[in-house]
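Undergrad: So the chains spell out like this:
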Amino acid sequence: SQQGEEDPQALSIQEGENATMNCSYKTSINNLQWYRQNSGRGLVHLILIRSNEREKHSGRLRVTLDTSKKSSSLLITASRAADTASYFCATDRPGAGSYQLTFGKGTKLSVIP
Amino acid sequence: SQTIHQWPATLVQPVGSPLSLECTVEGTSNPNLYWYRQAAGRGLQLLFYSVGIGQISSEVPQNLSASRPQDRQFILSSKKLLLSDSGFYLCAWKGGAGYEQYFGPGTRLTVT
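Protein chains in written order, with our numbering: chain A, 1 to 113; chain B, 1 to 112.
Certain hints may be false.
Sample of chain B residues lacking proximity to chain A, with all beta carbon distances greater than 12 Å (derived) [claimed, not checked]:
hint: 1; residue: Gln6
hint: 2; residue: Gln13
hint: 3; residue: Pro14
hint: 4; residue: Glu26
hint: 5; residue: Ser29
hint: 6; residue: Arg42
hint: 7; residue: Ser57
hint: 8; residue: Asn63
hint: 9; residue: Asp85
hint: 10; residue: Ser86
Computed spacing ranges between beta-carbons, pair by pair [unchecked claim]:
hint: 11; chain 1: B; residue 1: Gln73; chain 2: A; residue 2: Arg80; range: 34 to 42 Å
hint: 12; chain 1: A; residue 1: Gly16; chain 2: B; residue 2: Glu59; range: 40 to 48 Å
hint: 13; chain 1: B; residue 1: Gly27; chain 2: A; residue 2: Thr67; range: 28 to 36 Å
hint: 14; chain 1: B; residue 1: Ser77; chain 2: A; residue 2: Ser24; range: 41 to 49 Å
hint: 15; chain 1: B; residue 1: Gly41; chain 2: A; residue 2: Ser51; range: 28 to 36 Å
hint: 16; chain 1: A; residue 1: Lys69; chain 2: B; residue 2: Ala97; range: 23 to 31 Å
With a cut-off of at most 20 Å between alpha-carbon atoms, the simulated SDA-like pairs for lysine to any residue come out as follows [what the hints assert, rightly or not]:
hint: 17; chain 1: A; residue 1: Lys69; chain 2: A; residue 2: Thr20
hint: 18; chain 1: A; residue 1: Lys56; chain 2: B; residue 2: Glu100
hint: 19; chain 1: A; residue 1: Lys105; chain 2: A; residue 2: Thr20
hint: 20; chain 1: A; residue 1: Lys56; chain 2: B; residue 2: Gly98
hint: 21; chain 1: A; residue 1: Lys105; chain 2: B; residue 2: Gly98
hint: 22; chain 1: A; residue 1: Lys108; chain 2: B; residue 2: Arg42
hint: 23; chain 1: B; residue 1: Lys80; chain 2: B; residue 2: Gly16
hint: 24; chain 1: A; residue 1: Lys105; chain 2: B; residue 2: Gly87
Hint data in this document are derived by calculation from the structure and do not stem from the laboratory. Quick caveat: nothing in here was measured; it's all calculated off a predicted structure. All C-beta atoms, glycine included, are put in the ideal place defined by N, C-alpha and C.
Can you build the whole structure from these sequences, using the hints too?
TA: Next comes the structure, spelled out in structure tokens:
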């Protein structure tokens, strides 16, 4: 079953604008990760936020986590055409062996030059 | 540095034919290995994972199987493909105490 659900499913913005994507999940987690996937390619890890953290930054990326609402958001500031991709959140399963991740269906971001 | 390879990159197979997809990792030892399938426009579905040679766990019942004959080699197989097996197959690894997974370039499988 899907643990993470991203919102919106698709987002189209102009270059230079900020893009915000949201992720909701259902069960408790140890951490939450965001990945990017360019069309027809593998996923690339962007950022990880632990359950005891509320906000984390990496370059133009800002991730927030609200464990009381079981939600996270990914903000990409000053977007570029190269940011066009699908973005997925992934949550771990506490207690599961081998460290398994559950991915959402993703948000497809289009940045128009 | 670590590298993950998958082949073939694309594959078109008729229904009922066998399948073998290979994934190899370089630059790390004793990684956790994962096989995912991604249907068009969808998220990733975990199919199999392995914590060591010969150790395979299946997430969903299906006509696919996986094997890990060597530490850094992970193989996805099927004896008879179904139309529903079409999709984008991704291999990933996780090393040590880290939580991040690192993905290969994927194999696009079309069953006709």
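Undergrad: Each hint needs a verdict: does it hold in this structure or not?
TA: Structure-based check of each hint:
1. Remark: the non-interface label on Gln6 (chain B) conflicts with the geometry, its nearest Cβ contact in chain A lying 8 Å away (cut-off 12 Å).
2. Here Gln13 (chain B) stays apart from chain A, with its beta-carbon at least about 19 Å from theirs, past the 12 Å limit.
3. A cut-off of 12 Å between C-beta atoms confirms that Pro14 (chain B) is not in contact with chain A; the least separation is 23 Å.
4. Glu26 (chain B), annotated as away from the interface, keeps every beta carbon of chain A farther than 12 Å; the closest lies near 15 Å.
5. For Ser29 (chain B), the requirement that its beta carbon stay farther than 12 Å from each beta carbon of chain A is met, with the minimum near 16 Å.
6. Against chain A, the non-interface label of Arg42 (chain B) is violated: not every CB pair exceeds 12 Å, the least being about 6 Å.
7. Residue-level check failed: Ser57 (chain B) sits 7 Å from the nearest beta carbon of chain A, not beyond 12 Å.
8. Against the 12 Å criterion, Asn63 (chain B) stays outside the reach of chain A, whose nearest CB is about 21 Å from its own CB.
9. Every C-beta of chain A lies more than 12 Å from that of Asp85 (chain B), the closest at about 18 Å, which supports listing it as non-interface.
10. The non-interface label for Ser86 (chain B) is consistent with chain A: the shortest C-beta to C-beta separation is roughly 15 Å, beyond 12 Å.
11. Judged by the Cβ atoms, the range 34 to 42 Å given for Gln73 (chain B) and Arg80 (chain A) holds: they are separated by roughly 37 Å.
12. Range check, Gly16 (chain A) to Glu59 (chain B): Cβ separation about 41 Å, and the 40 to 48 Å hint holds.
13. Under the hint 28 to 36 Å, the C-beta atoms of Gly27 (chain B) and Thr67 (chain A), about 35 Å apart, fit the expected range.
14. At roughly 36 Å, the beta-carbon separation of Ser77 (chain B) and Ser24 (chain A) lies outside the given 41 to 49 Å, and the hint is violated.
15. Gly41 (chain B) and Ser51 (chain A) have their C-beta atoms about 30 Å apart, which keeps the hinted 28 to 36 Å range intact.
16. For Lys69 (chain A) and Ala97 (chain B), the hinted distance range of 23 to 31 Å is satisfied, since their beta carbons lie about 29 Å from each other.
17. Our distance criterion of 20 Å between C-alpha atoms is met by Lys69 (chain A) and Thr20 (chain A), whose separation comes to about 17 Å.
18. For a cut-off of 20 Å, the pair hint linking Lys56 (chain A) to Glu100 (chain B) stands: about 16 Å separates their Cα positions.
19. Between Lys105 (chain A) and Thr20 (chain A) the CA atoms are separated by roughly 16 Å; this keeps the pair inside 20 Å, and the hint holds.
20. Taken as a hint, the Lys56 (chain A) and Gly98 (chain B) pair is honoured in the structure, with Cα atoms around 17 Å apart against an allowance of 20 Å.
21. The straight-line distance between the Cα atoms of Lys105 (chain A) and Gly98 (chain B) is roughly 24 Å, outside the 20 Å bound, and the hint therefore fails.
22. For the given pair, Lys108 (chain A) sits about 11 Å from Arg42 (chain B) by alpha-carbon distance, which is consistent with the 20 Å threshold.
23. For the hint linking Lys80 (chain B) to Gly16 (chain B), the alpha-carbon distance of about 4 Å falls within 20 Å, and the restraint holds.
24. Restraint check: the Cα-Cα separation between Lys105 (chain A) and Gly87 (chain B) comes to about 15 Å, which is no more than 20 Å; the hinted pair holds.
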